[in-house]
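S.K.: Sequence:
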Amino acid sequence: MFDFIKRLFKKEESESPEPIKEEEIIPETEPVKEESLLASLWTKFSDGKYDEVIKEADIIIEQNEALTKNEALKLKGLSYFRQEKYDVSEKLFTELSAESTNPSDWFNLLTSAALNRSFELSDKALEKTIEYYSEYGTENDLPIPQVFYYYMLALRDVKEYNKAFVQFEKLKDIYCKLAITDATFLYIRGVPFLRILSATERKYWSISIKMRHKSSWQNSTAGWMRRERII
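Start counting at 1 in the sequence shown, then tack on 73, and there's your number in my numbering.
Source of the hints: derived by calculation from the structure; they are not laboratory data.
Please note that the accuracy of each hint is not assured.
[As the list claims (entries may be wrong)] Derived BS3-like pairs (lysine-lysine); straight-line CA-CA distance at most 30 Å:
{"id": "1", "residue 1": "Lys164", "residue 2": "Lys122"}
{"id": "2", "residue 1": "Lys164", "residue 2": "Lys117"}
{"id": "3", "residue 1": "Lys142", "residue 2": "Lys158"}
{"id": "4", "residue 1": "Lys158", "residue 2": "Lys236"}
{"id": "5", "residue 1": "Lys236", "residue 2": "Lys142"}
{"id": "6", "residue 1": "Lys164", "residue 2": "Lys142"}
{"id": "7", "residue 1": "Lys117", "residue 2": "Lys128"}
{"id": "8", "residue 1": "Lys142", "residue 2": "Lys128"}
{"id": "9", "residue 1": "Lys117", "residue 2": "Lys158"}
{"id": "10", "residue 1": "Lys164", "residue 2": "Lys232"}
{"id": "11", "residue 1": "Lys243", "residue 2": "Lys158"}
{"id": "12", "residue 1": "Lys201", "residue 2": "Lys245"}
{"id": "13", "residue 1": "Lys201", "residue 2": "Lys232"}
{"id": "14", "residue 1": "Lys164", "residue 2": "Lys236"}
{"id": "15", "residue 1": "Lys245", "residue 2": "Lys197"}
{"id": "16", "residue 1": "Lys158", "residue 2": "Lys128"}
{"id": "17", "residue 1": "Lys232", "residue 2": "Lys245"}
{"id": "18", "residue 1": "Lys232", "residue 2": "Lys243"}
{"id": "19", "residue 1": "Lys243", "residue 2": "Lys142"}
{"id": "20", "residue 1": "Lys142", "residue 2": "Lys122"}
{"id": "21", "residue 1": "Lys243", "residue 2": "Lys201"}
{"id": "22", "residue 1": "Lys164", "residue 2": "Lys201"}
{"id": "23", "residue 1": "Lys158", "residue 2": "Lys232"}
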């Protein structure tokens, strides 16, 4: 369910599309349908051809058709995100989410803004993601615990550790409310399996908590992490 979001943070290999047969090539005199072009762009996006996606998405955006324009904006924003041009992807997702009630649009703004160090905007995007997921979320949208998890990782990546710990606390509270924490149980409920953190990340969390030992919350969190074998 969450493979697409995971690919935003770590590109996966995908098979190359089958070559277009000569008889299927559309003559230059025939207008290209936006829907067909969008399908082609998603394939190119999966293949990592981000510059091509950006260039061809602009063609659709210029047509100014609401449905196809929004999807083209998303593809363009995701392409810049993959190229780590977070300032550009932030602007595109700001435009896309301006009149959107789609939690995925606001999540894309959240991660771009966080990695661009626009924390006031990313916090607002988090609020909107939660609000619209509660009202309109579907099984295709990222569950809220996963939103907290990826926001935490984005904040960690820009070394905003205090802010990352706020999201970590939310995950801890979710875990503490669950009677069962095996991988299958968590996956079905859309809760990230924190034991998948790398050895380096576990070491970081452990050291950071020890440095913050004065807080009762931090003491309880450290104990919880040890019980869950996260550190």
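S.K.: Would you mind marking each hint as holding or not holding in the structure?
M.R.: Status of the hints after comparison with the structure:
Of the supplied pair hints, the one linking Lys164 and Lys122 holds, its CA atoms being roughly 21 Å apart against a limit of 30 Å. Distance hint between Lys164 and Lys117 is fulfilled; the C-alpha atoms sit about 22 Å from each other, no more than 30 Å. Taking the CA atoms of Lys142 and Lys158, the gap is about 21 Å. The hint holds against a cut of 30 Å. At most 30 Å may separate the alpha-carbon atoms for a hinted pair to count; Lys158 and Lys236 meet this at roughly 22 Å.
Proximity of Lys236 to Lys142 is assessed by CA-CA distance (about 34 Å); at most 30 Å being required, the pair is judged violated. Restraint check: the Cα-Cα separation between Lys164 and Lys142 comes to about 15 Å, which is no more than 30 Å; the hinted pair holds. Of the supplied pair hints, the one linking Lys117 and Lys128 holds, its CA atoms being roughly 12 Å apart against a limit of 30 Å. Proximity of Lys142 to Lys128 is assessed by CA-CA distance (about 14 Å); at most 30 Å being required, the pair is judged to hold.
Restraint check: the Cα-Cα separation between Lys117 and Lys158 comes to about 18 Å, which is no more than 30 Å; the hinted pair holds. For the hint pairing Lys164 with Lys232, the CA-to-CA distance comes to about 22 Å; that is within 30 Å, so the pair holds. For the suggested pair Lys243 and Lys158, the alpha carbons sit about 29 Å apart, so the restraint of at most 30 Å is met. For the suggested pair Lys201 and Lys245, the alpha carbons sit about 22 Å apart, so the restraint of at most 30 Å is met.
A distance of roughly 24 Å separates the Cα atoms of Lys201 and Lys232; the hinted pair therefore holds under the 30 Å criterion. Between Lys164 and Lys236 the alpha-carbon distance is near 22 Å, which keeps this suggested pair within the 30 Å criterion. As the CA atoms of Lys245 and Lys197 are separated by approximately 22 Å, the hinted pair is consistent with the 30 Å bound. A distance of roughly 15 Å separates the Cα atoms of Lys158 and Lys128; the hinted pair therefore holds under the 30 Å criterion.
Annotation: proposed proximity of Lys232 to Lys245 holds, straight-line Cα distance about 20 Å (limit 30 Å). For the given pair, Lys232 sits about 19 Å from Lys243 by alpha-carbon distance, which is consistent with the 30 Å threshold. About 35 Å separates the Cα atoms of Lys243 and Lys142, which puts this hinted pair outside 30 Å; it is violated. Taking the CA atoms of Lys142 and Lys122, the gap is about 19 Å. The hint holds against a cut of 30 Å.
With a CA separation close to 17 Å, the supplied pair Lys243 and Lys201 stays within the 30 Å bound. For the hint pairing Lys164 with Lys201, the CA-to-CA distance comes to about 17 Å; that is within 30 Å, so the pair holds. Of the supplied pair hints, the one linking Lys158 and Lys232 holds, its CA atoms being roughly 18 Å apart against a limit of 30 Å.
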